[in-house]
Amino acid sequence: MSNTLPYSLQIINLLAALLLLVVFAMLAQRRILSLINLFAWQGALLALSTALVAWSTAQHHLYYSAALTLVLKVMVLPWLLHRLIRRLNVRWDVETLINIPTTMLVGIALVIFSFNLAAPISQLAEGITRGLIGIALACVLLSLLIMLTRRKAVTQVVAFLSLENSLFFAATSATQGMPLVVEFGIALDVLVATFIFGIFFFQIRETFDSLDITNMEKLKE
Amino acid sequence: MIDIYLLVLLLTPLLGGGLLAVFGSRPWAAELNSTMSGATFLAAVALTLRVVDSGPQVAFNEQFFIDQFNVFLVALTAFVAFTTSLFSRPYMRIEQHHGKLSTGMLHLYYSMYQLFSFTMLVALTTNNMGIVWVAMEAATLTTVLLVSLYRTPSSLEAAWKYFILCGVGIALALFGTILLYFASERVLGEGGNALLWTHLNQVKGELEPTVLKLAFVFLLVGYGTKIGLVPLHSWLPDAHAEGPTPVSAVLSGLLLNVALCAVMRSKVLVDGSLGTHFAGDLMMGFGLLSVVVAALFLSRQKDIKRMFAYSSIEHMGLITFAFGMGGAVATFAGMLHMTMHSLVKSAIFFAVGHAVQKSGTQQMEHIRGLLQVSPTVGWGLALGTFAILGMPPFGVFASEFLIITTAMHEYPWSTPILLVSLGIAFAAIFGKIQPIVFGETNAKPLPHPPALIPVFAHLLIALILGLYMPPYLADWYREAAALLG
Amino acid sequence: MMLEPETILAIVFQLAQLLLVVLAAPLLTGWVNQCQAWLQNRSGAGVLQPYRVLHKLFHKDAVMAHNASWLFRITPYIVFGCMWLAAAIIPIIAVDLPFSQAADVIALVGVFALARIFIALAAMDIGTSFGTLGARREMLVSFLAEPALLMVLFTASMISHSTQLPRIVEALAHHQFVIYPSLAFAGLAFVIVLLAENARIPVDNPSTHLELTMIHEAMILEYSARHLALIEWASSLKLFAYLSIGIALFLPHGIAEVGHWEVLPLALLLLLLKLTLAGAALAVLESVMAKMRIFRAPEFLGSAFLLAVLGLLIHFLLGV
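Protein chains in written order, with this note's numbering: chain A, 871 to 1091; chain B, 15 to 499; chain C, 913 to 1232.
This is chain A alone, in the form it adopts within the complex:
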């Protein structure tokens, strides 16, 4: 069964697995700088898999998506984030709400959960998409977990972007590309969101003198 898959699809499968690995590495990461670098790696994997999907399904508009991913998520956003943390002078370790091993166990549970959830869909899909929805879903849930367990605003943003990456992976690899207009809309939204995040960092820092969002726990109920 597996032998019938062409190599491009096998590589996409491998990239999907690596994407999951990168998200796990982000989950285990203690330092913000490494987190951003991992995010760049994630973008690179994403661009590569998108380009491969474009090549193997001969959908040329996906090349644009791949190029956009490469420029936006491998170069521009990590560069912006690096610049931002240099400007804000926040290079301390990431503080987690739960300790890392526990987070990892929860992560494994999430992966099992999402693989189970996606199993009926995997049965439906033939060839290329088999299992990719499950991996994408696992990446989405793990990014959510990162978001929930981290205290710093920058980390939350990186988690948000990784969440978006996972969704993008689902859109390109699992469904072989959404309509172009939707993809551009999504890319635009993400870009705007990142700028707003940047504005927020400065506002938050100005107001609270720190980017630790535990300061922001006054509003309850």
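Please note that a few of the clues may not be correct.
Unchecked claim - Ranges of calculated distance between the beta carbons of each label pair, as one might list FRET restraints:
{"id": "1", "chain 1": "B", "residue 1": "ASP295", "chain 2": "A", "residue 2": "PHE1054", "range": "30 to 38 Å"}
{"id": "2", "chain 1": "C", "residue 1": "LEU1197", "chain 2": "A", "residue 2": "ARG900", "range": "17 to 25 Å"}
{"id": "3", "chain 1": "B", "residue 1": "THR166", "chain 2": "A", "residue 2": "ALA989", "range": "45 to 53 Å"}
{"id": "4", "chain 1": "C", "residue 1": "TRP982", "chain 2": "A", "residue 2": "TYR877", "range": "56 to 64 Å"}
{"id": "5", "chain 1": "C", "residue 1": "LYS1203", "chain 2": "A", "residue 2": "PHE1072", "range": "36 to 44 Å"}
Unchecked claim - Residues from chain A that face chain C, not an exhaustive set, calculated with beta carbons under 8 Å:
{"id": "6", "residue": "SER878"}
{"id": "7", "residue": "ILE881"}
{"id": "8", "residue": "LEU890"}
{"id": "9", "residue": "PHE894"}
{"id": "10", "residue": "LEU938"}
{"id": "11", "residue": "LEU942"}
{"id": "12", "residue": "ILE978"}
{"id": "13", "residue": "GLY1004"}
By construction, these hints were calculated from the structure, which means they are not laboratory data.
All residues carry an ideal CB built from backbone N, CA and C; glycine is no exception.
Put chains B and C on the given structure of chain A with help from the hints.
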């Protein structure tokens, strides 16, 4: 013909956003804002008349789709956006006078307000489920800076929470949309048509049920965050309480509706595909939970805007519950309640905004005796509260009555839960508003006359619709309800 | 009973492998050390240094603690025996050798565990605090590394539907080339386990006797002369065995298939090449990593387990 109306409807706020981005600091920016909103409203009226007459139609190469249901929301959105822009003119002047806002902030406010209208109208009228998502996300982005407009620590916190939670929610909705596309591309083929709602609706019987089930869960959770359904509601009270009052009014009265419209579109597809009541049941569950939890939280609130934000959660829960039940009567009641809630809740926020300006605080224990200083604001708040609590003769009574009687008929077990929750909400809100309206005053006069026409206009419509429903409107709603099934 | 010429040939090759591993293992250790020396800009002691050390140790008189029991005495022989057995039965040059039939992956893990139990017991036998400390740390590390190793092996077993190492190698090497994402995960996990089990940086440092950090060295402090030589030799064999398992699971291509004895010289050459590269890679890996605090080790090994489990899950999901 419909193309032109639609073009005007969508381009006016976009143009307004562009103009106000340039001229937002001028003294006449507020008037320009109202003019653009008014023009949008006129276009919406023209479009509505057309669609109600001639039924559902598509426009612009099927990229847009208007039927009786979404045109109803378009009309409502354009109307409330218009009246809110009228209200915000004096309100924002007073805020500026009090030194809470600078001209730069107002500049941002005006341009974002128009863009926000634009994104909501796009989300309502588009036929493409992918564009719905893009527009909803854009609506979040335009409002997030409005919530933090005052730049106070708590407003920043509220905006951050709003941004993160809605970002996460909307991301889940995107996953749902991707799954929807995944299911539809094997029926409709790849390309742009596979996400067009009208096409999906035609082939919904052939869509893969397992995928659609999962897709709906994600769509409901995602857009449900926007609707403010419990347990995804925690951004809503913060954003409503900390943002400027006009923003609270449009968030509560409009944005929540738009998100619910997206959920309804998905529900029609999913239940059509499954042939069961799966999506409806989920909506009923979330709706009921929201009603109960919001009612319990109401009595613990000290901040007046937070309290009414929780009331919004309660009412959105009730509407979601009604839509979840399905059937002509329940859907009709849900739409009616949506109308009433949007009108009355925005009217309340207008009155509350002025009351807060008068007393200088949002803490309810420090706002006292509005009737003594400003009978109009006091009566506005009192009548609005009566209306939102479902007192006859206001329209909310009629819609709540319809929902509850339908529930009694279809799902008898839910009736006591609903009645008790509404009772608790009634006691909580009534007990807190009563001393605010009556009692000894501590309020100061305002530097500008308050905007009260929008308040009473909204309440008057709610009153009229409670007493007499014109056949035109009733037919329109009935047809829309029939479309949703 | 007449033996088939095939069988005789197989037995001969098996014996050759037996001899080869026991003689080549110190060379591998020497090679890794030499690479490390080069990476640290030292000239190094040469790849033959382990042989010289063994030679020296075998010619010394053994000193033993007064209260050492028989357990302490026999442990070096048992450990050496276990490691030799393990290294000898792993199919590295041909899949169809007689002893390979015993190379069940679970049995292999058991053989390693047996050696570990004895060495830990012997360390505690003397009753010095260092021995006990080392034994406890060793148990902590292995307690975490062993499940990870098992998961890695299971992933490979799932792919080939067998826990027999020769069958696994056969399945992985003799199909057309297929990318296994699950094996990529398993491979990463295996590297971590290898580092931990062989007392390498970042879990342990074989070249230090610093009481705060040492694990393996603390256990064998009381050994001298021929006992120490046997244990050192066993360590070399263990490293050899682990690298062989790694090669068998992740780079089995080029191994002699059933009934293809003529490719054996080529297979041997390839093995030499793979081991050389693996040793160099190990040295590089050790040089770029920093020794971690012992309390971090559980996390490090936990991630190995996690990776292995992920690999297994991905195998289930993707079917490859």
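- [ ] Could you work out which earlier hints the structure fails to respect and list their numbers in ascending sequence?
- [x] As far as the earlier hints go, 6, 10, 11 are violated by this structure, in ascending order.
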